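Peer 1: Chain residues, written in single-letter form:
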Amino acid sequence: MPICDAIILAHAPLTGDYRLLRLQAPAIAEAARPGQFVHLRIPGLEPTVLRRPFSIYRAETDGLSILYKRVGRGTETLAALREGATVSLMGPLGNGFPLTGSAAKPVLVGGGYGVAPLVFLASRLPRQGVVLLGGRRAEDVLCIRDFEALGWPVEVATEDGSRGTRGYVTALLDRHLGGATAAPELFACGPDGMLRAVGTRAIATGCRAWLSLDHHMVCGIGACLACVQKLRMPEGGTRLARVCKDGPVFEAREIVWEEPA
Amino acid sequence: MNAPAAPSLAVNVGGLAMRNPVTVASGTFGYGVEYADWIDVRRLGAITVKGIRLDPWPGNPLPRHVEVPGGMLNAIGLQGPGVAGFIEQYLPRLREFGVPVIVNIWGTTLDEYAEVAARLSDAPGVAALEINVSCPNVKAGGSSFGTDPATMAAVVAAVRRRTRLPVIPKLAPNVPAMGPFARAAVEAGADALSLINTLPAMAIDIERRRPVLANRTGGLSGAAIHPVALKHVYDAAQAVKAPIIAMGGIVGAREAIAFLIAGATAVAVGTANFIDPTTPLRVIDGIRDYLIRHRMASVSELTGSLQT
Chain U
52 MPICDAIILA HAPLTGDYRL LRLQAPAIAE AARPGQFVHL RIPGLEPTVL RRPFSIYRAE
112 TDGLSILYKR VGRGTETLAA LREGATVSLM GPLGNGFPLT GSAAKPVLVG GGYGVAPLVF
172 LASRLPRQGV VLLGGRRAED VLCIRDFEAL GWPVEVATED GSRGTRGYVT ALLDRHLGGA
232 TAAPELFACG PDGMLRAVGT RAIATGCRAW LSLDHHMVCG IGACLACVQK LRMPEGGTRL
292 ARVCKDGPVF EAREIVWEEP A
Chain G
1460 MNAPAAPSLA VNVGGLAMRN PVTVASGTFG YGVEYADWID VRRLGAITVK GIRLDPWPGN
1520 PLPRHVEVPG GMLNAIGLQG PGVAGFIEQY LPRLREFGVP VIVNIWGTTL DEYAEVAARL
1580 SDAPGVAALE INVSCPNVKA GGSSFGTDPA TMAAVVAAVR RRTRLPVIPK LAPNVPAMGP
1640 FARAAVEAGA DALSLINTLP AMAIDIERRR PVLANRTGGL SGAAIHPVAL KHVYDAAQAV
1700 KAPIIAMGGI VGAREAIAFL IAGATAVAVG TANFIDPTTP LRVIDGIRDY LIRHRMASVS
1760 ELTGSLQT
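Just so you know, the protein sequences line up as chains U and G, in that order.
Under my numbering, residue 312 is the last one in the first sequence; the count climbs by one each step, no gaps.
Under my numbering, residue 1767 is the last one in the second sequence; the count climbs by one each step, no gaps.
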């Protein structure tokens, strides 16, 4: 895979500190599967500033899009780039979500900008399901219209109650689990606490949950071992998987969560 | 006018023949196979793989890295598959690249270092052993062996007795003076020296008042350490005639050429691999361009050419 220089086709603010970046990267877009990411080098920073991983939000014929939140100096610098500027991309990286032919109804659970790969996933899943989105405030709930355009119903929870139900997205999830209906298949991306809560519920109710982990990464291709995750092996025992290369998506039963620090 | 003849880039590092003077720093290039999807690894002068000990080793808890101005700290803790795992899982594919493989080895006892060296010496496709006596991120082994010249020399001697491969200790930067370490390593049987390892360092999350790294401390690498490494390479080259593989903060050909001028025979690209995997190839091209521009027929003319 070549490392590609991608021209910025569009760069637009969304709500709050969130932004949408569309890049001309046809080869990566064509190869991309939902849940994979690109490793982006932000130009204009010192030579030792590391690449940043971003989930692929959309992959179209001429390019791909990512969603990001301005959180630090890297994303601040990225946010200042205009259309026509160039960024260096490695991708598509990681394994992505499985697009199995499972008959179970897909339930997508997203927290904050963790929604990005779920939009891409909804556009590629062979069957329609439901989307549950959570965020601290209304401005942290993104992409509702994207799912509605695909015909997927969306339910929202915010911690301050400024949009949808007040509380965590897992409260919405509980209504879809453990009822008389067949067990759904869960696909989730968001903060660790949310993923862990989704995984716990999936295991308790006997459904499969595919969780996309957001560990800090360095190389992005499995060489440096900075982003490892302990996994249970089917035959017993554990192993350390590389989130960037062997993930970022793992099934809830595999993941051995560390005790909170 | 005829184009000038292409300069010779080939070097010999204590018996290790390299077609050009550029390798990669252990721990920044996995086991060689990971980057083969991204760059033409067959162009490298050698591939240096991540540290191997006798048995598989889990490394440290997360977080294992943090970005800092001018570089990063890591405390991976030498996670690895053990010597048998390395020989079985990685060495066959590494051999196919047709590039010399330098295996970085470590242990918690002299016997373990020696045993790993012996096992690798019997494995086809290993070209040289780099002895890690300088990792700041493991409690036993690593820099506990590397910050005392006599202890470091004992490790080198133990490995020397069990292998015919070129032996290249990787020296610690956190020493008062490099000269005595360089001399002790060569007297103990080192064929070449590798320097420097990362610098012991720390970062604190001031809001939580906790160390950022789970290991509390880590090793600093990246552009920030190049001037420190350059001084150590210069001092080592003054102290011994053994060839030196220099590393620390190379982001392009400029830093690599400075190492060669200071006395290095070869160089290794480290942290820059994470940011731009083509860096080692750019460094090879940049050294060649420099030699042409300065009308030098061979990279050996550059080594130790510092004017003082």
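These are computed hints drawn from the structure, not numbers from a lab.
It is possible that part of the hints are untrue.
Stated by the list, open to error - Just some of the chain G residues that point at chain U, by a computed CB distance under 10 Å:
#	residue
1	G1489
2	D1607
3	P1608
4	N1732
Since the model is a prediction, treat every value here as computed from it, not as a measurement.
Glycine residues also receive a C-beta, built at the ideal position from the N, C-alpha and C atoms.
Peer 1: Next step is simple, just say for each hint if it's right about the structure.
Peer 2: To see whether the hints hold, each was checked on the structure:
1. The restraint placing G:G1489 at the interface with chain U holds, with a minimum CB-CB distance near 3 Å, inside the 10 Å limit.
2. This hint is violated: G:D1607 has a C-beta 29 Å from the nearest C-beta of chain U, more than the 10 Å allowed.
3. With its C-beta approaching chain U no nearer than about 31 Å, G:P1608 sits outside the 10 Å limit, and its interface hint is violated.
4. Here the hint on G:N1732 is kept, as its CB sits about 7 Å from the closest CB of chain U, short of 10 Å.
Hint violations for this structure: numbers 2 and 3, all remaining hints satisfied.
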